[in-house]
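Novice: So the chains spell out like this:
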Amino acid sequence: MCDLFAVSAATNYSAPKALPLFASRASKNMDGWGIGYFRKARAVVERSAQRVYSPGQLHDSYQRLARVVNSKIIISHVRFRTSGPVDECHAHPFILNFCGSDWLFAHNGNAPAIENYRTHAEVVAGAASDSARAFEYLRDQMVSLWQGAATPSALFDFVCQGTGRMIEEYPGDYNYLLSNGLVIFAFTNHRQFMLLKGSRKLEAALLLTTLEEGLSDENWLRMAKASSGRGLMLAIAGTDVVVVRSL
Amino acid sequence: MCDILAVSAGYNYTPKEYLPLFAERGRRNMNGWGVGFFRDGQALVETSLEQVYTGYQVHESFQRLARVIDSRIIVAHVRCPLSGDHHRADSHLFTISFLDHSWVFAHVGMVEGIEQYRTPNDPRLETEVYSARILEYLRDQLICRCALNPYLSLSACLRSSVQELVSDYPGHYAFFLANESVIFAFCNFRQFLFLREAESMGEVLLVTTLEEGLSPNNWFALRPVEGSQGIMVVVAGPELLHVGDV
Chain B
61 MCDLFAVSAA
71 TNYSAPKALP
81 LFASRASKNM
91 DGWGIGYFRK
101 ARAVVERSAQ
111 RVYSPGQLHD
121 SYQRLARVVN
131 SKIIISHVRF
141 RTSGPVDECH
151 AHPFILNFCG
161 SDWLFAHNGN
171 APAIENYRTH
181 AEVVAGAASD
191 SARAFEYLRD
201 QMVSLWQGAA
211 TPSALFDFVC
221 QGTGRMIEEY
231 PGDYNYLLSN
241 GLVIFAFTNH
251 RQFMLLKGSR
261 KLEAALLLTT
271 LEEGLSDENW
281 LRMAKASSGR
291 GLMLAIAGTD
301 VVVVRSL
Chain U
2 MCDILAVSAG
12 YNYTPKEYLP
22 LFAERGRRNM
32 NGWGVGFFRD
42 GQALVETSLE
52 QVYTGYQVHE
62 SFQRLARVID
72 SRIIVAHVRC
82 PLSGDHHRAD
92 SHLFTISFLD
102 HSWVFAHVGM
112 VEGIEQYRTP
122 NDPRLETEVY
132 SARILEYLRD
142 QLICRCALNP
152 YLSLSACLRS
162 SVQELVSDYP
172 GHYAFFLANE
182 SVIFAFCNFR
192 QFLFLREAES
202 MGEVLLVTTL
212 EEGLSPNNWF
222 ALRPVEGSQG
232 IMVVVAGPEL
242 LHVGDV
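In the order they appear, the protein sequences are chains B and U.
Sequential numbering from 61 applies to the first sequence in the working numbering.
Sequential numbering from 2 applies to the second sequence in the working numbering.
With the rest of the complex left out, here is chain B:
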């Protein structure tokens, strides 16, 4: 199973401690890695199809990027392939531009049903996986809601509606992080997000990961969908979970 990690802060931030720790704890994921961040309004991604961690050694580039990337929002993904080939194009995060912003998307889960989805808009270049189709589907839904709204409406509602439709139309296991550089939308319907704010051992920004033990022995908060719910959506801005909704 792939794993996800995010840093969210009010000002530009680096994660030289947490990022390597995430990579080493997620080391069973051997099919590539990616780090996405924002430089001003532009989303930027560094990806690789190589293992993020070989016994005793973190991938050199990942380690260097962990020290250098500096952004309010950083999203990292380590891949365990369940859909699509192992190559750089299939490493997350992906980037698409819509609703006036660049967006980063990283996903873990298994949703073979959505592999058949075909968008009429721009595709995620070179990627033939459920994750790429899920991102395109969400983009199409959000753009449609955005353009159809009589007055500007709440972004959180668009993301929740789009996600609700996706899991209804294409049932599967979804765990994703979606960000426009200002807010991270985090959705899960099959695993958990572990959150920590104000770490004394790692970075003090808001840290989020899918790794169930977190990244340190501090009090990580576990957030997962209610057993009766279809999923859980969080909106994170700065160092806070600002809105939570059970779908």
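Keep in mind that the hints are not guaranteed to be accurate.
[To be verified] Have a look at the derived ranges for each label pair, beta carbon to beta carbon:
1) U/222 to B/208: 11 to 21 Å
2) U/64 to B/61: 56 to 66 Å
3) U/64 to B/209: 34 to 44 Å
[Claimed, not checked] Not close to chain U: a few residues of chain B, all C-beta gaps over 12 Å, as computed:
4) 101
5) 123
6) 147
7) 148
8) 161
9) 203
10) 213
11) 231
12) 232
13) 233
14) 272
15) 295
16) 300
Don't read these hints as lab results, they were simulated from the structure.
Treat the numbers as computed from the prediction; the structure is a model and nothing was measured.
We treat Cβ as the ideally placed atom computed from N, Cα and C, and that holds for glycine.
Model the placement of chain U on the given structure of chain B, informed by the hints.
Specialist: Just chain U now, with coordinates in the frame of chain B:
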């Protein structure tokens, strides 16, 4: 009636156009002004007891601030003479630190009885203006609720805090509570007008209580639904992130 304006952008923004427009449109509010903004995560406030607009001129300092402030979030307040002593000595724009953030708070409206509120927490805002008590009340509630249930989102904590506030101290409230990343806007008696504008440095979202907005553009209104205790809006960058009844 006092008026408030919030400007929210994805990246640092200098409000050289909209702040003077706000001062001009809010000129019937003759009893002073305040501007709040953020620098390196710290909330800062500049206030004045002078009129924001006299002799067809926007107050010189207000104009200069409009040209110099560079912040993702900017909050401005112009004061009215209608509510007597409540407004005489102090601005209704405050900064305070809690929950690991520096916050800016601006309020308009009339609330009876809340001047009696005594916070059990530090710091206590020195001013005797009742808006300061509202901020202290919200601060105390937010700290308590976030500690009691860490699974609650910030907006859920604020929503229940506002419910308690309006129940304990009924009145007319319209406020902005902002940290360096988000603005929470609540109103139970007026409307908020919103305008999303494309600027050279990216888009900005403007929110104001001024009835006619700041320009002839297509401002859209959000007002409390009848039967609700008010409307709460969360703004992040140039986006309306969340809108909900309280």
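Novice: Look at each hint and say if it fits the structure.
Specialist: Each hint tested on the structure:
1. U/222 to B/208: 11 to 21 Å: For residue 208 of chain B against residue 222 of chain U, whose Cβ atoms are near 20 Å apart, the range 11 to 21 Å holds.
2. U/64 to B/61: 56 to 66 Å: 58 Å, holds
3. U/64 to B/209: 34 to 44 Å: 36 Å, holds
4. 101: At about 6 Å from chain U, residue 101 of chain B fails to clear the 12 Å cut-off, so the statement is violated.
5. 123: 28 Å, holds
6. 147: 33 Å, holds
7. 148: 29 Å, holds
8. 161: Incorrect as stated: the minimum Cβ-Cβ distance to chain U is 8 Å, not above 12 Å.
9. 203: 15 Å, holds
10. 213: Violated, because the least Cβ-Cβ distance between residue 213 of chain B and chain U comes to about 7 Å, which does not exceed 12 Å.
11. 231: Label holds. Min Cβ-Cβ 27 Å, cutoff 12 Å.
12. 232: Fine: 26 Å to the nearest Cβ keeps residue 232 of chain B off the interface.
13. 233: 22 Å, holds
14. 272: For residue 272 of chain B, whose nearest Cβ neighbour in chain U is about 17 Å away, the distance exceeds 12 Å, so it holds.
15. 295: Answer for residue 295 of chain B: violated, closest chain U Cβ roughly 6 Å.
16. 300: 5 Å, violated
Consistency note: the structure conflicts with the earlier hints numbered 4, 8, 10, 15, 16.
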